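Visitor: Listed below, chain by chain, are the residues.
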Amino acid sequence: MVLFLQQFINGLSVGSIYAVIALGYTMVYGIIRLINFAHGEIMMMGAYFAFITVLASGMPFYVVLIVSMVLAAILGITVETLAYRPLRKAPRISALITAIGMSLFLQNLALVIFKPEPKIMPPIIPRMPVFIGPLRIGTVTIVTIVLSIVFMVLLDFFVKKTKPGKAMRAVSEDKEASVLMGINVNRTISITFAIGSALGALGGVLYSVSYTQVFPTMGVMPGLKAFVAAVLGGIGIIPGAMLGGFVIGMVETLTKAYISSQLSDAIVFGLLIVVLLFKPTGILGKNEKEKV
Amino acid sequence: MTKVNFKSYLFNIVAILSVFVLIQILIANGTLSRYYVSILIFICINIILATSLNLATGFLGQLTLGHAGFMAVGAYGSALTAIYLRSNDILTGGIGLLLVSIIVGGLFAGIMGIVIGVPALRLRGDYLAIITLGFGEVIRVVINNLAFTGGAKGLTGIPRLVNISNAFWIMAFVVTVLYTLTNSRQGRAIISIREDEIAAEAVGIQTTRYKVMGFAIAAFFAGIGGGLYAHFIAFLDPNTFNFMRSVEILVIVVLGGMGSLTGSVMSAVVLTILPEALRDFAIYRLLIYSGLLVVMMIFRPQGIFGTTEFSLAGAIKKLRYNQIVSPRKKVKEDD
Numbered sequence: 001m002v003l004f005l006q007q008f009i010n011g012l013s014v015g016s017i018y019a020v021i022a023l024g025y026t027m028v029y030g031i032i033r034l035i036n037f038a039h040g041e042i043m044m045m046g047a048y049f050a051f052i053t054v055l056a057s058g059m060p061f062y063v064v065l066i067v068s069m070v071l072a073a074i075l076g077i078t079v080e081t082l083a084y085r086p087l088r089k090a091p092r093i094s095a096l097i098t099a100i101g102m103s104l105f106l107q108n109l110a111l112v113i114f115k116p117e118p119k120i121m122p123p124i125i126p127r128m129p130v131f132i133g134p135l136r137i138g139t140v141t142i143v144t145i146v147l148s149i150v151f152m153v154l155l156d157f158f159v160k161k162t163k164p165g166k167a168m169r170a171v172s173e174d175k176e177a178s179v180l181m182g183i184n185v186n187r188t189i190s191i192t193f194a195i196g197s198a199l200g201a202l203g204g205v206l207y208s209v210s211y212t213q214v215f216p217t218m219g220v221m222p223g224l225k226a227f228v229a230a231v232l233g234g235i236g237i238i239p240g241a242m243l244g245g246f247v248i249g250m251v252e253t254l255t256k257a258y259i260s261s262q263l264s265d266a267i268v269f270g271l272l273i274v275v276l277l278f279k280p281t282g283i284l285g286k287n288e289k290e291k292v
Numbered sequence: 293m294t295k296v297n298f299k300s301y302l303f304n305i306v307a308i309l310s311v312f313v314l315i316q317i318l319i320a321n322g323t324l325s326r327y328y329v330s331i332l333i334f335i336c337i338n339i340i341l342a343t344s345l346n347l348a349t350g351f352l353g354q355l356t357l358g359h360a361g362f363m364a365v366g367a368y369g370s371a372l373t374a375i376y377l378r379s380n381d382i383l384t385g386g387i388g389l390l391l392v393s394i395i396v397g398g399l400f401a402g403i404m405g406i407v408i409g410v411p412a413l414r415l416r417g418d419y420l421a422i423i424t425l426g427f428g429e430v431i432r433v434v435i436n437n438l439a440f441t442g443g444a445k446g447l448t449g450i451p452r453l454v455n456i457s458n459a460f461w462i463m464a465f466v467v468t469v470l471y472t473l474t475n476s477r478q479g480r481a482i483i484s485i486r487e488d489e490i491a492a493e494a495v496g497i498q499t500t501r502y503k504v505m506g507f508a509i510a511a512f513f514a515g516i517g518g519g520l521y522a523h524f525i526a527f528l529d530p531n532t533f534n535f536m537r538s539v540e541i542l543v544i545v546v547l548g549g550m551g552s553l554t555g556s557v558m559s560a561v562v563l564t565i566l567p568e569a570l571r572d573f574a575i576y577r578l579l580i581y582s583g584l585l586v587v588m589m590i591f592r593p594q595g596i597f598g599t600t601e602f603s604l605a606g607a608i609k610k611l612r613y614n615q616i617v618s619p620r621k622k623v624k625e626d627d
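These protein sequences, in sequence, are chains A and B.
Just so you know, the first sequence maps onto residues 1 to 292 in my numbering.
Just so you know, the second sequence maps onto residues 293 to 627 in my numbering.
In short, the hints are calculated from the structure, not lab data.
Since we're looking at a predicted model, the values are computed, not measured.
Incorrect hints may appear among the rest.
What the hints assert, rightly or not - Covered stretches of chain B, going by a simulated chain A footprint (3 or more residues, C-beta under 8 Å):
(1) 365-375
(2) 433-444
(3) 566-580
Said to hold, decoys possible - Quick list of simulated restraints, FRET-style, between CB atoms:
(4) A/M221 to B/G446: 16 to 26 Å
(5) A/A90 to B/F573: 52 to 62 Å
(6) A/E173 to B/R452: 53 to 63 Å
(7) A/Q7 to B/D529: 23 to 33 Å
(8) B/I406 to A/E173: 34 to 44 Å
(9) A/I259 to B/A494: 39 to 49 Å
(10) B/A307 to A/I259: 49 to 59 Å
Cβ atoms here follow ideal geometry from the backbone N, Cα and C, with glycine treated the same way.
Kindly produce the complete structure, drawing on both the sequences and the hints.
Guide: Take a look at the structure:
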């Protein structure tokens with residue numbers, strides 16, 4: 001039972017990282033119907049930004065986090081403006097290929113700039129375990145879970161209660177109609193990318209602190225899994241991404257603990273396949289009829 | 293066979309033969325070292341992979357991100373078949389062993405294509421891309437964890453059966469089959485699904501059947517490509533068939549033009565030679581590739597060739613009569 005609880009908390013921690021990254025995928029998909037494959041790389045870049053900031057200045061954790069999130073947001077807006085905006089009216093397949101291209105580009109840019117060797121992330125969160133009865137929980141785990149939940153609540157507030165959030169929902173509902181309502185669509189999309197990328201960087205920083213490493217391909221696997229999480233919950237739906245993230249994190253951790261650590265990736269992707277076959281729009285998704 | 297058609301076939305056969313003879317001469321007089329020959333074999337393998345992916349993505353219009361998965365099934369299938377046949381003294385070597393084992397490998401991949409295609413092709417667009425990506429990863433992870441595939445250590449002891457001659461002819465055969473397929477009745481049905489699935493269904497094309505067929509054929513030839521790879525390298529590591537491999541094949545197809553087999557052939561040649569020529573800049577290779585992909589999509593999303601095929605007969609005619617043949621007419625002549 002203690003082992004299970006311990007694994008449950010680990011799953012919650014991994015799941016909250018996936019959920020935070022998945023939010024970026026889902027927000028972008030919700031607004032421009034594009035799978036932003038470069039999101040995993042933005043997460044990786046976020047981790048590198050944090051790594052460099054720590055090395056250069058030795059500032060405390062929250063400053064590092066904010067710097068990294070702001071830089072990632074700028075990167076996200078840049079990617080959107082340079083690569084995705086020209087293709088807004090292009091066929092979906094071209095946009096998707098561009099996203100894959102952008103993902104590879106950022107990854108190789110990191111390889112050229114930072115070299116392939118993994119770097120050790122300094123312990124910017126003090127490693128003091130907290131004991132609750134027989135349970136031993138690391139500070140990193142607690143910070144990860146708490147921060148993720150705080151940012152999810154903030155995002156929920158932003159989307160539901162503020163004006164840019166309202167604009168975001170309007171654009172994802174109907175782009176043409178929202179132009180007529182006087183919404184600046186390009187700016188709204190930029191804001192979406194900025195927020196999504198900042199959340200990606202948050203995920204990246206938490207991931208690199210938990211696993212104490214930063215390397216150029218670190219965004220690939222968590223990116224893919226967060227993406228699976230977004231699809232699982234219903235892509236384009238914000239609560240769906242959170243739910244999906246926690247489900248994937250939990251499934252992965254429990255598989256690793258009780259079944260096989262090698263097969264956990266296959267099980268995660270298998271879960272995706274099963275969900276897509278039976279309910280392609282995800283757990284919280286609504287069915288859309290295709291019009292001629 | 294009409295006169296124009298016959299002429300066009302003749303030109304192509306002569307061209308293929310002369311390329312083959314040229315390669316043989318260059319090898320015989322020592323201009324092409326073993327290193328260059330191995331690049332040529334890689335070109336043949338990449339052409340097979342790219343043209344087969346082009347059938348699924350370019351002609352059928354279904355974006356697939358798991359082509360490396362089918363390649364892996366074919367590679368392992370044919371490698372294990374060859375090892376089995378040889379250890380039981382059924383076939384000990386030579387072209388027979390190669391053909392039997394790559395066909396078995398291809399069939400495994402084709403069956404996998406049907407198994408994956410039947411459920412997956414109910415989904416469209418993005419979802420299909422995701423599910424093929426998922427399947428590709430699952431195939432790789434499963435191979436990584438099976439005992440008889442050698443697992444993560446890799447598979448060794450595969451007979452090295454591929455040389456430039458058989459690789460060249462297998463490649464020529466695959467491209468010919470794909471070319472005739474895309475110009476047949478079935479091919480037109482496949483293309484109509486790409487153009488407008490609902491309209492295709494409305495004129496009585498069984499879209500599901502043709503989608504699964506196109507997908508399975510693409511998987512079959514990817515398996516053939518994988519088999520050639522296995523028998524050339526003689527060692528298989530499951531991690532070479534990862535998502536990046538699928539993307540590399542996709543880059544070849546996109547650059548050449550989705551829906552143009554000749555485009556895929558040309559870009560496979562260029563994109564296989566280029567990284568070797570730029571060995572000193574190896575670190576920048578993928579950076580340039582990916583940047584190229586993005587720029588390509590923004591400025592020429594249909595690829596270099598678009599959906600037109602380069603036609604030798606058309607080109608010769610153009611040279612001789614110095615007249616401008618529109619791309620549309622060129623395609624018609626090859627029908």
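Visitor: So, for every hint listed, does it hold in this structure?
Guide: Structure-based check of all given hints:
no.: 1; hint: 365-375; result: violated (count 0)
no.: 2; hint: 433-444; result: holds (count 4)
no.: 3; hint: 566-580; result: holds (count 4)
no.: 4; hint: A/M221 to B/G446: 16 to 26 Å; result: 21 Å, holds
no.: 5; hint: A/A90 to B/F573: 52 to 62 Å; result: 30 Å, violated
no.: 6; hint: A/E173 to B/R452: 53 to 63 Å; result: 60 Å, holds
no.: 7; hint: A/Q7 to B/D529: 23 to 33 Å; result: 32 Å, holds
no.: 8; hint: B/I406 to A/E173: 34 to 44 Å; result: 39 Å, holds
no.: 9; hint: A/I259 to B/A494: 39 to 49 Å; result: 48 Å, holds
no.: 10; hint: B/A307 to A/I259: 49 to 59 Å; result: 56 Å, holds
The structure is inconsistent with the numbered hints 1, 5, although it conforms to all the rest.
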